[in-house]
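Whenever a hint applies, use it, and build me the whole structure from the sequences.
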Amino acid sequence: MSVSLASEAHCVKALAAKDFSSGAHPIWCPGCGDYGVLAALERALAAYGRPSHEVVLVSGIGCSSRLPAYTNCYGFHGVHGRALAVATGLKLTRPDLEVITVGGDGDGYSIGGNHFIHACRRNVDMLYLVMDNRVYGMTKGQPSPTTEPDWDSDIAPGGIGLRPLNPLALAIVAGANFVARGFAGDPQGLADLIVEGIAWPGFAFIEVLSPCVMFRPEQGEWKKMVRPAAMPAAPDRAAATAQVLAEDGFNLGVLYRGDRAPVSVPVPTNASMSEIERQFEIGA
Amino acid sequence: MPIQRVNDFVVRFGNVNGSGSASANEMFARAVLRMGVPVAPRNIFPSNIQGLPTWYEVRITEAGHLGARGGVDLMVAMNPQTWEKDLASIDPGGYLFYDSTKPLPASKFRDDITVIGVPLTAICNREYTDPRQRQLFKNIIYIGVLTALLDMDVKVVEQLIGEQYKGKEKLVPPNIHALHLGRDYALMNLECPIGLKLKRADAVGDRIFIEGNSAAALGAVYGGATVCAWYPITPSSSLADAFTRHCAKLRVDPVSKKAKYAIIQAEDELASIGMVIGAGWNGARAFTATSGPGISLMQEFIGLAYFAEIPAVIFDVQRAGPSTGMPTRTQQCDLISCAYASHGDTKHVLLFPEDPAEAFEFSAAAFDLADRLQTPIFVMLDLDIGMNHRLSKPLAWDDNRAYDRGKVMTAAELEAGKEFGRYLDVDGDGIPYRTYPGTHPTKGSFFTRGTSRDRYAKYTEEGAPYVDNMQRLLRKFETAKDLVPRPLQANSANPTKYGIIYYGSTSPAMDEAIHMIEANGQPLDRLRIRAFPFHSSVPSFLADHDFVFVVEQNRDAQMRSLIVNECNVDPVRLVPVLHFDGTPITARFIAKSIGEHLEKLKMTPMRVVS
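Chains as they are written, first to last, in our numbering: chain W, 14 to 297; chain L, 462 to 1071.
One or more hints might be untrue.
[What the hints assert, rightly or not] Below, a sample of chain L positions facing chain W; criterion: calculated Cβ distance under 7 Å: (1) N509; (2) I510; (3) Q511; (4) L513; (5) P693; (6) T695; (7) S698; (8) D702; (9) T705; (10) E728; (11) D729.
None of these hints come from the bench; they were simulated from the model. Given the structure is predicted, the values throughout are model-derived calculations rather than measurements. Where a beta carbon is used, it is the ideal one built from N, C-alpha and C, also for glycine.
This is the structure we're talking about:
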């Protein structure tokens, strides 16, 4: 399936990344990966070309879920783990808006794990961007579903010893059609992925490696480990699943494109009151 | 006139979150304690890891007033972001200590306070080259300045530095050097001491310095908890954290070195409470620790535990709601959502500890109550108790104390032919017998369900057995009134028609406020509620007084609503006194609000004109 970037119909004037900034100073720690994600997102929105008032950013709770407040798009900072539910309701009633959901690994894969699975299944047209730093930052360093089993911390001495969740494999298995991995330290590459994800018809999922300098300083090494994915796109869902289960987690790019049809959104009709009332009339 | 006080003043530090100030500030508080002077420190921090403003307030109080006082006598203003606010918070006659490296115009100050400038950044830049060292040692340097300004025993601070870096002895001399850099600068360049002074005293006694969350976690260990399932949420995470640490020390088999506990960081709060209920159904003592949003998520499961009668302990470390609200600020705002948690007709037992000592005591008691009453028990902490170090009487435990495991029928009893009906009220107290799964091969098994059932746990949709069961649950709630911690009453020396009801973390501020009110010639009787449902002494107290002030830290007077609802009292007689801006309630606030109200109530005798 081919995807056309930045549909021309929306382009009225050239937009710049700064047109999407709210000017609010982020609360993130200096050096946090989320700054890079914010920059990439603003750049991508400018490239995509829809004005900020036609874009909605929905998020949950956590460090990365603060992101919508730093843009001047419509923002919805809701409850922990359930941003996708809000975003689904929003997109189904306002298909004309561009809906982007953002959050972190705790928010999306732990408390929001169920919503994630079913959002992949439903295939409603939106972009879901997860900033994964493999730790709970806001509550001070607890392990998350993607934390390595041997990561030692005060709350889990010696490591939790649990197999980390593979969000990409989960997304593919659950039915997502667009599954990609980006890196916060590569804003241009990430911006390109975001543009492609926004344009993708249906649910698009981008897992972003976004280092936590405070609780996971060793993630500073990620910039040396990431690389553009060399492997060819897998031919089908089973092969794609096997591929993301086998790789080391540092391949960047779109790792799976499927062809399930997105949920068709009913175009809202502006029925008049008399038409509605007629449905309740009794008898001939 | 500059304030002149010895061992009775408030020092507030304004810092940037993540700048390493917390440990230096805490060292200051501990140094005062070591001089035998009680302190009440409070951390006022943002929902942020690094960069936003944070404050640390140390109330120095030889008289032992552990509540927040309100006002600041000495502001240590280290955060330019909050300069205006910090300057405005100083009481008239107070002191401002700031980093004078960058000169500020006179318009930036107030003329009713004493301004003390120390070029901290300049001193650091001269002394250190590494930016991180400049930042960290700056904190120690200002503590050094304080030792001179307040006439502190510097040896005490040196000793604390030695203890803090035990095992990292290399760090001791540079820290002591930094301490003296500040101290020497102050002694040479400033008028020392200022009007606020510290004098050695002997007022700390045998009290300990502990956070409520840590004390509650220890209470859970002593109370027999072996299972903790939780999900990270401020301000309760440190409770699970402390339980992990206490268990690693106290719940490891001495021979096999195997852990005798299970701590599960669940995928969400729904899973946490589900795991707790599963463990409790099996006879293990299990708990979860959460805050308001977690309680909201747990509602359905809480109803199941109530109706299926399964023991569970829930620590709610309350924070300012609704929704995400102010997650790092304190409130007592979950009373209603816990007391009547879940759909349908439900009522739950709540405990209201006042401080870490009671958090320990009630935490342990909660597990006995959960087993005895076979129902969820809520321990209602809040951020003020949970996340601040509090001077507290030593934690007490009787080693001969046996756990109350409640009504559990054994295999021998079943074998002997004792009648078992899971929901049969054999003793008239509403509490039935249960069996642990696997007790007996042929007798005593039952089906646990959230659907309606008869006295023998058999499914039914008949109205009569449903009503019978719901009324038995009410009887059980009546029984709870005499099992939960009783209210504590303190009567004024002079008879009075007016009373005060309060609970939880309001306690230390109330202890102080009552003296302020009585000094004004207004006697009041006090009742500290320690649990819900209310013991009969609560309605008696209401009956004995014309008007009762209900002091609490929420907008909607939630305790007052519970009292009105459960005690059938005329609401007009309950006067709400409400503090809910997220800061801990102060004695000044209580005394002022109640004082003003009492003034209005004062009756002027009517002159009879003939």
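Evaluated hints:
1. N509: L/N509 check passes; min Cβ-Cβ to chain W is 5 Å, inside 7 Å.
2. I510: Since chain W brings a Cβ to about 5 Å from L/I510, closer than 7 Å, the hint holds.
3. Q511: holds, 4 Å
4. L513: Holds - the Cβ of L/L513 comes within 7 Å of chain W, reaching about 6 Å at its closest.
5. P693: holds, 4 Å
6. T695: holds, 6 Å
7. S698: holds, 5 Å
8. D702: holds, 5 Å
9. T705: Holds: closest Cβ of chain W sits about 6 Å from L/T705, inside 7 Å.
10. E728: holds, 5 Å
11. D729: Because about 4 Å separates L/D729 from the closest Cβ in chain W, which is inside the 7 Å limit, the hint holds.
In the structure shown, no violation is registered for any of the earlier numbered hints.
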